[in-house]
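There are 2 protein chains.
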Amino acid sequence: MNSSGGDHGPKRWIRGGAQNVARTRIFDVNRVAYRHPLRADAKDFYVIAPPDWVNVVALTPARELVLVRQFRFGIDEFSLEIPGGMIEPGEDPVATAVRELREETGFAGARAWLLGAVHPNPAIQSNRCHLVCVEEARPAAALDWDEDEEIEVRTMPVDEVYAQVRAGRITHALVLDALLLFAPHWAKIKGGPVI
Amino acid sequence: MNSSGGDHGPKRWIRGGAQNVARTRIFDVNRVAYRHPLRADAKDFYVIAPPDWVNVVALTPARELVLVRQFRFGIDEFSLEIPGGMIEPGEDPVATAVRELREETGFAGARAWLLGAVHPNPAIQSNRCHLVCVEEARPAAALDWDEDEEIEVRTMPVDEVYAQVRAGRITHALVLDALLLFAPHWAKIKGGPVI
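Chains as they are written, first to last, in this note's numbering: chain A, 3 to 197; chain B, 3 to 197.
Warning: the hint list may mix true and false statements.
It does not matter which identical chain is meant; a pair holds if it fits inside one copy or across any two.
Stated by the list, open to error - Think about it this way: if two alpha-carbon atoms lie no more than 25 Å apart in a straight line, the pair counts; the simulated DMTMM-like pairs of lysine to aspartate or glutamate are:
#1 K192 <-> E151
#2 K190 <-> E162
#3 K190 <-> D148
#4 K45 <-> D30
#5 K190 <-> D161
#6 K192 <-> E138
#7 K192 <-> D161
#8 K192 <-> E162
#9 K190 <-> E105
#10 K192 <-> E137
#11 K45 <-> E152
#12 K192 <-> D150
#13 K13 <-> D46
#14 K192 <-> E79
#15 K190 <-> D150
#16 K13 <-> D150
#17 K13 <-> D43
#18 K13 <-> E154
#19 K13 <-> E138
#20 K13 <-> E90
Don't read these hints as lab results, they were simulated from the structure.
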């Protein structure tokens, strides 16, 4: 079904000037003027602009995933997640993933490859989050936490991670994305359906 | 493995005062003072505070999902998504989902139930997104778009939706979350593994 398409479909708005309205360590907020191609007046929209992010599905030889538990200021609560972080300017997403995994958890792997990339929120946020798989992950290095990081590192059997998601105990949206894209790979390793 | 736990685990920071630094139609940005329990000085963290959101996995009798394609200001590009929107004060998430589905696409279903809820970003954002399944969805009502909404409505076989995700053509993080939590239900309907 296609209730509207072609000339009747959604139009590409024309981007005008942008003004910064807030600048934080993690993201900027910009006010951007957009004009609909069939209307005269521009309208302001607010866009959250962080650098690109990565997160990491790190699989151990025992078929467990490396998880981190930390206090999260956004929700004023603890959160159980896979490791992740911000991409430095010019850094390759897979390299960021390997670096963040090592710094946050001390784990290093034998193979690292891109599962895919998502937009955390196309409506109001400009960046992407790259989802990376690291295989043969083993404890290998000392921890090197960023300021204000205080992290409990644990590993959990992969199927138990999916069960924790279904039970609502792992709730970070970008973690679920990585687990969705990791599922076909896990099904191959495991030799059966995942979820 | 538990490299740090108990008294050595991550501490709960103590929330102090908050100040609004930006207010938009879709979200506020607040500066919140937090103090680590073992440190004297407080530190500011920035929190994006939108109302809770919903999105909707709407399954038609022909086993297709209802999708919407629209121009998204955050990424300055078109995006193919499942329907969704903001919860009004006091509104039940399932009711919001049914309302948004009807307003954005004209579809209405026979059963609506909660797949789960996620945090779009625990690190920097306070709200939740509730993921709702609507079954037996059929065209039933006139469209009722919000101002600035201009939406192409289409349906797509469920397996093709998962294939589009794997191919990187559906990239909205919260859409992937809904599809991950919908997967076990779809496997039951379909009688086989999904992904």
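Alpha-carbon proximity context of K13 and E154, limit 25 Å: between (47 Å within a copy, 10 Å between copies)
25 Å Cα threshold - placement of D46 relative to K13: Result: close within a single copy only, 17 Å intra versus 40 Å inter.
Given a CA cutoff of 25 Å, do K190 and D150 count as a within-copy pair, a between-copy pair, both, or neither? Cα proximity of K190 and D150: none, with 38 Å in one copy and 44 Å across.
Identical-chain pair category, K192 with E138, by Cα at 25 Å: within (15 Å within a copy, 34 Å between copies)
If the cut is 25 Å between Cα atoms, do K192 and D161 qualify within a copy, between copies, both or neither? This pair counts as both: shortest intra-copy Cα distance 10 Å, inter-copy 21 Å.
Within, between, both or neither: K190, E105 at alpha-carbon 25 Å: neither (29 Å within a copy, 41 Å between copies)
Pop the pair K45 and E152 into one bin, within, between, both or neither, using alpha-carbon distances up to 25 Å. between (42 Å within a copy, 15 Å between copies)
If the cutoff is 25 Å on CA atoms, where do K13 and E90 land: within, between, both or neither? Let me know, please. Neither, since 34 Å and 27 Å both go past 25 Å.
Within a copy, between copies, both or neither: which one fits K192 and E137 at a CA-CA cutoff of 25 Å? Cα proximity of K192 and E137: one copy only (14 Å, versus 31 Å across).
For K190 and E162, with the copy left unspecified, which applies at a CA distance of at most 25 Å: within, between, both, or neither? both (17 Å within a copy, 20 Å between copies)
First find the shortest C-alpha distance between K45 and D30 inside one copy, then the shortest across copies, and answer within, between, both or neither for a cut-off of 25 Å. Both: 20 Å inside a copy, 18 Å across copies.
Status of D161 relative to K190 across identical chains (alpha carbons, at most 25 Å): Result: close both inside a copy and across copies, 13 Å intra and 18 Å inter.
This entry does not satisfy hints 1, 3, 9, 12, 14, 15, 19 and 20, going by the numbered hints stated previously.
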